[in-house]
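S.K.: Okay, here's what each chain looks like letter by letter:
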Amino acid sequence: MSILGYILITIGAFFYFLGGLGIFRMPDVYNRLQAGTKATTLGSFSVILGVGLVNLDYLPKALIIIAFIALTNPVGSSVLARAAYLKGIKPTDKTKVDEYKGGDEK
Amino acid sequence: MTIINYIFFGFVGLGVLFSFLRILLGPTSADRVAALDTLNVVLTGTIVFLALVFKNGLYLDIALVYGLLSFTETVVISRYLEGKK
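From first to last, the protein sequence lines stand for chains L and E. Read in UniProt numbering, the first sequence has 11 at position 11, and its numbers run on one by one without any break. Read in UniProt numbering, the second sequence has 66 at position 66, and its numbers run on one by one without any break.
Worth double-checking, as some hints may not be accurate.
Short derived list, chain L residues pointing at chain E, Cβ under 7 Å [stated by the list, open to error]: (1) Phe24; (2) Met26; (3) Leu49.
If you anchor each label on the Cβ, the simulated ranges turn out as follows [as the list claims (entries may be wrong)]: (4) Asn5/E <-> Leu63/L: 22 to 30 Å; (5) Leu24/E <-> Lys94/L: 34 to 42 Å; (6) Asp61/E <-> Asp93/L: 26 to 34 Å; (7) Val97/L <-> Leu58/E: 42 to 50 Å; (8) Val75/L <-> Ile62/E: 18 to 26 Å; (9) Ile11/L <-> Val65/E: 34 to 42 Å; (10) Thr2/E <-> Lys101/L: 48 to 56 Å; (11) Asp93/L <-> Arg32/E: 33 to 41 Å; (12) Thr95/L <-> Val76/E: 21 to 29 Å; (13) Lys55/E <-> Lys96/L: 52 to 60 Å; (14) Lys55/E <-> Asp98/L: 22 to 30 Å.
Rather than coming from a laboratory, the hints here were simulated on the basis of the structure. Where a beta carbon is used, it is the ideal one built from N, C-alpha and C, also for glycine.
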């Protein structure tokens, strides 16, 4: 059980690195939100579940923190994307479809 | 299992470095808030891992409170950036 926990912690740390790299090199606010939020959500699940599996006394609080992050992280990303759109920040030229406006044209 | 600590803090240090560079040189303020959100989630996971390093269960409570405050911060700054209609 302890070996499985350490493997999960290593995978989660790698996903943290991928989230930071994605938020550095993506060209746009919306792409950066997608890369950063998805990678760090999966990394948090893996790291916190790994800590709970290594030391079984920590498991109930770890599950509570996992549920809390699963609820709040997409909500924060969605609110930030909506705020950036309403503020008038344009997507890059490679973005073809604007679903928020409801049409096929950009 | 002390080699796991070096691997974990190496990856987390690289992620924090890239996020912090994006906070410093982001073109708009929405970029900075997005990078700050990512940085907060990474630091929450790191505080949970510190409970295993220092063998102290109190760090889990600190991680829970830090996650709550970071979520509130993201939502409040986003509502502020949105402006009034």
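S.K.: It remains to establish, for every hint, whether it holds in the given structure.
M.R.: Hints versus structure:
The beta carbon of Phe24/L is positioned within 7 Å of a beta carbon in chain E (closest approach about 4 Å), and the interface hint is therefore held. For Met26/L, the interface hint is violated, the least distance from its beta-carbon to any beta-carbon of chain E being 9 Å, above 7 Å. This hint is violated: Leu49/L has a C-beta 10 Å from the nearest C-beta of chain E, more than the 7 Å allowed. Separated by about 24 Å at the C-beta atoms, Asn5/E and Leu63/L satisfy the suggested range of 22 to 30 Å.
A hinted range of 34 to 42 Å is violated for the C-beta pair Leu24/E and Lys94/L, which are about 25 Å apart. Checked against the given bound of 26 to 34 Å, the beta carbons of Asp61/E and Asp93/L, roughly 47 Å apart, lie outside it. Checking the proposed 42 to 50 Å range against Val97/L and Leu58/E shows it holds: the Cβ atoms sit about 49 Å from each other. Restraint check, Val75/L to Ile62/E: a C-beta distance of roughly 22 Å satisfies the suggested window 18 to 26 Å.
Distance hint check for Ile11/L and Val65/E: the Cβ-Cβ separation is about 26 Å, which falls outside the suggested range of 34 to 42 Å. Here the CB-CB span from Thr2/E to Lys101/L is close to 54 Å, well matched to the stated 48 to 56 Å. Restraint check, Asp93/L to Arg32/E: a C-beta distance of roughly 23 Å breaks the suggested window 33 to 41 Å. The hinted window of 21 to 29 Å between Thr95/L and Val76/E holds, with their beta carbons roughly 28 Å apart.
Taking the beta carbon of each, Lys55/E and Lys96/L are about 53 Å apart, inside 52 to 60 Å as hinted. In this structure the hint that Lys55/E and Asp98/L lie 22 to 30 Å apart at CB is violated, the actual value being about 52 Å.
This entry does not satisfy hints 2, 3, 5, 6, 9, 11 and 14, going by the numbered hints stated previously.
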